[in-house]
Amino acid sequence: MGQKIEEQLSALLDAELALEEEELLLRRLAREPEYRAVLGRYSLIGELLRDARADPAALQIGERIRTEITAEIAHTGSVGWHAGRASGWSKRWRGMGRGLFGAGIAAAVAAIAVTAVFNLNSAPRFEPVLASVEPSYTVPIADTGRGFIMPSRLTGYLVSHQEFSSALSRRAMDAYIVRQSTVVGDWNLRTIAEDE
Amino acid sequence: MNKPGRFVTVVYFLVLIGATSANAAGDAEEWLDRMGKAVQQLNYRGTLVHSYHGQADVSQIVHRVVHGTVTERVTAMDGGGREIIRSNGEVTCIFPDQKLIMIEHQDNQDLDADSAAGKLPKFMAFDESTYVVLMHGADRVSGRDAEVLSVRPTDGYRYGYRLWVDRTNAMLLKSQLMDERGRVVEEFLFTDISFPDAIPVEAVQPSIDIDSFVWERPEPVVNHQRQLVDAAWHATDLPAGFVLAAVRSKQATRESAATEQLVYSDGLASVSVFVEVGVAASEQAEGSLQIGASNAYTMTTQGYLITAVGDVPERTAKMIALSVRASGGNQ
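The listed protein sequences derive, respectively, from chains F and X. If you number the first sequence the way our numbering does, the last residue is 196 and the count never jumps. If you number the second sequence the way our numbering does, the last residue is 331 and the count never jumps.
By construction, these hints were calculated from the structure, which means they are not laboratory data. Hints may be right or wrong, so weigh each one.
What the simulated footprint calls covered on chain F by chain X, stretch by stretch (three residues with Cβ under 8 Å from a Cβ of chain X suffice, anywhere in the stretch; the number is not a length) [what the hints assert, rightly or not]:
1. 24-38
2. 153-167
Far from chain F, by Cβ distances over 10 Å, these chain X residues were calculated [what the hints assert, rightly or not]:
3. 48
4. 82
5. 104
6. 230
7. 263
8. 272
9. 293
Glycine included, each C-beta is placed from N, C-alpha and C at the ideal position.
Only chain F is shown next, with the shape it has when bound in the complex:
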């Protein structure tokens, strides 16, 4: 995979691609599972770096990734070209998305991310009440370590609601149901009192 396509994938995540470039890239994504896999990895890495909502383990992972990247920048200067225009961690991540792929950082970050996901999956974690229900059928199991298994009840709700939803909404729910690994949601269980 060339550096240009890697940069484009990064820009896609940052919503910085020009319209025509985006369309071309999405077309390539449709043809190339390898690109989709890479996009997923970049997304995961970005999520880990950004996600302040994550549990302490995830925050530690983010810190490790930051450390790796900082060390790599100091060592190779490979991402220095964007330092002038970036400020704050999110900007750095954005720039990193472009710069790291030609360097050894990618491997390090990917390794950390994979290890992190493994650890998150194997570590004890909060299980939502619904996850303990044995569903008669299930839609995709989350692979983010958040551990949510959608119950049959909600699947039935989605199908029932689709009858009354717009074509666009139906497509979105279809995409969710057929996704191999659902990573778009987890139940954020909380009491109403806590919200108020």
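Since the structure of chain F is already known, use the hints to place chain X on it.
Chain X only, in chain F's frame:
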């Protein structure tokens, strides 16, 4: 130019601007109407890329219409090739990775393309106070000429849309869902699409051998379409423009309690509220779930499980769910 002359010129341009604006709005509504029908009534097959939150999923869509009857197959191109097939009033979800088939019944066994489209929210049925429709001119998507339109919400309780509509047949080629700040939160794009005159029936049948799969069929249900005034429950707090559009109850067995479904719609977005009684304590929950850009919010109150699901922001699903009350003060 003298004063009367200047006045006439100003009035002329104001009238011209008004007429142009009215024409543009009329054109936009016409495009939206045509698009709603095309999505349902055309034969088409294509590759659909769904981008959301830094992910891209690819599906093959085959949409077959014969004498007005719609059959559709959606196949994921990644992983184990999960499929959804809509046919004869049933939605069949096939999960090869779990060797599992799940079937859900839909209301009308003999829905045709027109009536199915009529049941869905239409892109022109909304109130002007809740959405503004704009036309943005021509563009090209996947090698096809398209008109670009946007539907912008006037508050934060619903999403906006940017739509690329095929200039030839009004098919929706690309769509972006936007939050209240105009940021794209979800995108669909047909990277290739064709419109055959006829699609063979095999193209909408399961593409994999499902002989050894476990079939999960819910118990036969009785759907009762009901009058709106007969709703046993209602939401007391709704965003502007949302009204009760449908009520029905589903009953798995004669002995079991019915699940009531209330459908609220602003003409474009819709939210279903499900109310169930007799749900085991272990199955009761409080919280929110994001499904793509759609959201669900569930809560339990006095033994009733109340869940709002819809193509709306989380705040809207939550607002509606929290305001559900029994009609007649039973609860």
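Structure-based check of all given hints:
Only when three residues or more bring their CB closer than 8 Å to a CB of chain X does the claim for the stretch 24-38 of chain F stand; here the count is 6, and the claim holds. Against chain X, the stretch 153-167 of chain F contributes 15 residues with a C-beta closer than 8 Å to a partner C-beta. That satisfies the three-residue criterion, and the hint holds. A Cβ of chain F approaches the Cβ of residue 48 of chain X within 10 Å, the least distance being about 7 Å, so the stated non-interface status is violated. With 10 Å as the threshold on Cβ separation, the claim that residue 82 of chain X sits away from chain F is violated: the shortest Cβ distance comes to roughly 4 Å.
Distance check on residue 104 of chain X: its Cβ comes as close as 4 Å (rounded) to a Cβ of chain F, failing to clear the 10 Å threshold; non-interface status is violated. Distance check for residue 230 of chain X against chain F: the nearest CB is about 17 Å away, which clears 10 Å, and the non-interface claim stands. Its closest Cβ contact with chain F, about 5 Å, brings residue 263 of chain X to no more than 10 Å, contrary to its assignment away from the interface. Not every beta carbon of chain F lies more than 10 Å from that of residue 272 of chain X, the smallest distance being close to 4 Å; the non-interface claim is violated.
The non-interface label for residue 293 of chain X is inconsistent with chain F: the shortest C-beta to C-beta separation is roughly 6 Å, within 10 Å.
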